[in-house]
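Residue numbers for the sequence shown follow UniProt numbering, so the first one is 1 and each next one is one higher.
Hints in this document: simulated from the structure, not taken from any laboratory. The reader is advised that the hints may include incorrect statements.
[Stated by the list, open to error] Taking CB as the label site, the calculated pair distances span:
no.	residue 1	residue 2	range
1	191	233	18 to 26 Å
2	163	332	29 to 37 Å
3	95	220	36 to 44 Å
4	221	138	35 to 43 Å
Beta carbons: idealized from backbone N, C-alpha and C, even for Gly.
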Amino acid sequence: MDVDKTKLHNYSFFFFFFWVKSEKTSIVKYGAFSCSKPPTTNEDIGVFKPYPTQSNGFTTAKVELRELGNTGLKLSCVGFGASPLGNVFGPVSDDEAIGSVREAFRLGINFFDTSPYYGGTLSEKVLGKTLKAVGVPRSEYIVATKCGRYAEGFDFSAQRVTKSIDESLERLQLDYVDILQCHDIEFGNLDQIVSETIPALQKLKESGKIRFIGITGLPLGIFTYVLDRVPPGTVDVVLSYCHYGINDSALEDLLPYLKSKGVGVISASPLAMGLLTERGPPEWHPASPELKSACQAAAMYCKERGKNISKLAMQYSLSNKDISSVLVGMNSIKQVEENVAAAVGFQLQS
Numbered sequence: 001m002d003v004d005k006t007k008l009h010n011y012s013f014f015f016f017f018f019w020v021k022s023e024k025t026s027i028v029k030y031g032a033f034s035c036s037k038p039p040t041t042n043e044d045i046g047v048f049k050p051y052p053t054q055s056n057g058f059t060t061a062k063v064e065l066r067e068l069g070n071t072g073l074k075l076s077c078v079g080f081g082a083s084p085l086g087n088v089f090g091p092v093s094d095d096e097a098i099g100s101v102r103e104a105f106r107l108g109i110n111f112f113d114t115s116p117y118y119g120g121t122l123s124e125k126v127l128g129k130t131l132k133a134v135g136v137p138r139s140e141y142i143v144a145t146k147c148g149r150y151a152e153g154f155d156f157s158a159q160r161v162t163k164s165i166d167e168s169l170e171r172l173q174l175d176y177v178d179i180l181q182c183h184d185i186e187f188g189n190l191d192q193i194v195s196e197t198i199p200a201l202q203k204l205k206e207s208g209k210i211r212f213i214g215i216t217g218l219p220l221g222i223f224t225y226v227l228d229r230v231p232p233g234t235v236d237v238v239l240s241y242c243h244y245g246i247n248d249s250a251l252e253d254l255l256p257y258l259k260s261k262g263v264g265v266i267s268a269s270p271l272a273m274g275l276l277t278e279r280g281p282p283e284w285h286p287a288s289p290e291l292k293s294a295c296q297a298a299a300m301y302c303k304e305r306g307k308n309i310s311k312l313a314m315q316y317s318l319s320n321k322d323i324s325s326v327l328v329g330m331n332s333i334k335q336v337e338e339n340v341a342a343a344v345g346f347q348l349q350s
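Could you build all of it, start to finish, from the sequences and the hints given here?
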């Protein structure tokens, strides 16, 4: 949605006060989890042992875990978006990929999201190789991937999504994924999603290849359309992006409906695909020139007062406990640490 500069200027006053408040009272706590047995119930998923503290002045820590709808899963409130591992934003070395995932585990991130679409399957391959290299037991982390959107186009047919999970499991080097999501369903036929795709995913759930079913997309209306037409409890998760941030909080109006359905909520792109950063969005960003300019003005306003708009945006997105996890793309140790620092409300020592 478009907002004028005056409105964004007013928002920046809110950024400042929100930052001050969160600096005094951390949004989440620090600590460490341990797990001594494989999961026997959903509640056992997402518990993990800390890695040794690195010599960067940052204490071994965890981010808050939040329940995901009625699944019983407990996701880290900051999720590791693995699209950058597919070289979507530039090349990522094996050492960088392994280092970022290892650091994510060390700081308490237990949720990793990918897709065969990201980097033309490269994201899944690199994430799978990286998880294996880090060596954390499978019972101690949650993996979500997607189906229906591929480098060659969209295909939500039962045959394609059934084949897709086998391909994804091979690339991820896993026996199952925790969540399989229909990817960007607004580009498909929603009636096909309801009558063909989701029933196919239910069969995959029964086979043990996936544990829960999700749907993703940008327009919020697609979620109610599907959920109103499938049996209760069929869809476990929705992933929305760019609709819960300091420039657009439209998702908030949908949260009571989703909660009433027992559907877990994941929110992605808290920085609005680069709008809420000091460097600004990429050239291809679909926002209007007026909105881009307004967001840059807000970013500079914050910077002049010693605050970082990205950190404020992250904290705002994390502030709603009805959102189980906020997904952020990461491909370096520094990015992982910065995102966790935003979550706990204080800066890392260098």
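For each hint, the structure was consulted:
1. About 20 Å separates the C-beta atoms of residue 191 and residue 233, a value consistent with the hinted range of 18 to 26 Å.
2. The given range of 29 to 37 Å is respected by residue 163 and residue 332, whose C-beta atoms sit roughly 33 Å from each other.
3. Range check, residue 95 to residue 220: Cβ separation about 39 Å, and the 36 to 44 Å hint holds.
4. Residue 221 and residue 138 have their C-beta atoms about 36 Å apart, which keeps the hinted 35 to 43 Å range intact.
Of the hints listed earlier, there is not a single one the structure fails to meet.
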